[in-house]
Amino acid sequence: GENVEQHPSTLSVQEGDSAVIKCTYSDSASNYFPWYKQELGKRPQLIIDIRSNVGEKKDQRIAVTLNKTAKHFSLHITETQPEDSAVYFCAAKGLNYGGSQGNLIFGKGTKLSVKP
Amino acid sequence: EAGVAQSPRYKIIEKRQSVAFWCNPISGHATLYWYQQILGQGPKLLIQFQNNGVVDDSQLPKDRFSAERLKGVDSTLKIQPAKLEDSAVYLCASSLVPRGAGELFFGEGSRLTVL
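Keeping their order, the protein sequence lines are chains A and B. Just so we're aligned: 34 in the working numbering is position 34 of the first sequence, and the numbers increase by one with no gaps anywhere. Just so we're aligned: 96 in the working numbering is position 96 of the second sequence, and the numbers increase by one with no gaps anywhere.
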């Protein structure tokens with residue numbers, strides 16, 4: 001079945017710097033890759049997603065890139081701000097996990113700390 | 001728009017006791033998920049409903065966990081008997097698109113501590 005590896009587990013940056021979080025997946029048939037942000041004690045919320053028919057997607061300061069050949073995708077946050085501090089989860093929708101049509105598999109998360 | 005509602009927010013029980021969690025999804029969302037999030041890990045799918053039918057329960061420990069979604073709206077997740085390793089946050093989520101292919105809207109979660 002699908003397996004999603006996420007790195008790094010913790011990331012500390014200075015305000016204004018960029019942050020990059022990387023994920024790899026195992027199921028080459030996976031076709032949907034969302035990123036969720038979870039602030040301390042809060043619910044996970046979708047911040048950006050990408051489907052397998054595109055290589056990059058941007059939304060203001062955040063972007064996601066997808067390399068289907070290498071089976072990895074990355075989250076890029078530019079001009080980081082203290083409010084970006086949270087745990088970020090990548091996920092992949094594996095077609096061969098959990099029965100027909102698959103389901104979302106989450107990475108273990110990256111704790112991002114943005115220092116003022 | 002009201003979000004996904006869950007209760008209780010916190011529950012502490014002794015091992016071998018039972019516990020039940022309740023979830024009310026966003027109105028109109030046919031797909032409902034229960035996830036288990038152990039501290040320091042990502043959410044792990046336990047069960048997915050499409051309306052009131054189970055679509056995927058391959059990761060649900062069926063000897064102790066059960067879930068139902070009567071009338072295709074509210075859902076309950078039960079654990080009986082609880083084990084120490086069941087200590088986690090139980091997240092309910094709903095979506096318009098099935099099979100995790102679209103945005104999941106999560107509730108605040110129910111934090112379970114098993115002593």
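Certain hints may be false.
[Said to hold, decoys possible] Straight-line alpha carbon distances no greater than 30 angstroms define the calculated DSSO-like cross-link-like pairs of lysine-lysine that follow:
{"no.": "1", "chain 1": "A", "residue 1": "Lys58", "chain 2": "B", "residue 2": "Lys83"}
{"no.": "2", "chain 1": "A", "residue 1": "Lys108", "chain 2": "B", "residue 2": "Lys71"}
{"no.": "3", "chain 1": "A", "residue 1": "Lys115", "chain 2": "B", "residue 2": "Lys78"}
{"no.": "4", "chain 1": "B", "residue 1": "Lys11", "chain 2": "A", "residue 2": "Lys22"}
{"no.": "5", "chain 1": "B", "residue 1": "Lys44", "chain 2": "A", "residue 2": "Lys111"}
{"no.": "6", "chain 1": "A", "residue 1": "Lys57", "chain 2": "B", "residue 2": "Lys62"}
{"no.": "7", "chain 1": "B", "residue 1": "Lys83", "chain 2": "A", "residue 2": "Lys71"}
{"no.": "8", "chain 1": "A", "residue 1": "Lys71", "chain 2": "B", "residue 2": "Lys71"}
{"no.": "9", "chain 1": "B", "residue 1": "Lys11", "chain 2": "A", "residue 2": "Lys108"}
{"no.": "10", "chain 1": "A", "residue 1": "Lys58", "chain 2": "B", "residue 2": "Lys11"}
{"no.": "11", "chain 1": "B", "residue 1": "Lys71", "chain 2": "A", "residue 2": "Lys111"}
Keep in mind that the hints were calculated from the coordinates and are not lab data. Only a predicted model underlies this, so the values are computations on that prediction, with no experimental measurement involved.
Tested hints:
1. A:Lys58 / B:Lys83: violated (44 angstroms)
2. A:Lys108 / B:Lys71: Measuring from Cα to Cα gives roughly 34 angstroms; hence the hint is violated.
3. A:Lys115 / B:Lys78: Answer violated: Lys115 of chain A to Lys78 of chain B is near 41 angstroms, above 30 angstroms.
4. B:Lys11 / A:Lys22: Violated. Lys11 of chain B to Lys22 of chain A sits at ~35 angstroms, over the 30 angstroms cutoff.
5. B:Lys44 / A:Lys111: holds (18 angstroms)
6. A:Lys57 / B:Lys62: violated (40 angstroms)
7. B:Lys83 / A:Lys71: Violated, at about 37 angstroms.
8. A:Lys71 / B:Lys71: Given pair Lys71 of chain A, Lys71 of chain B is violated - Cα atoms ~40 angstroms apart, limit 30 angstroms.
9. B:Lys11 / A:Lys108: holds (24 angstroms)
10. A:Lys58 / B:Lys11: violated (40 angstroms)
11. B:Lys71 / A:Lys111: violated (39 angstroms)
Hint violations for this structure: numbers 1, 2, 3, 4, 6, 7, 8, 10, 11, all remaining hints satisfied.
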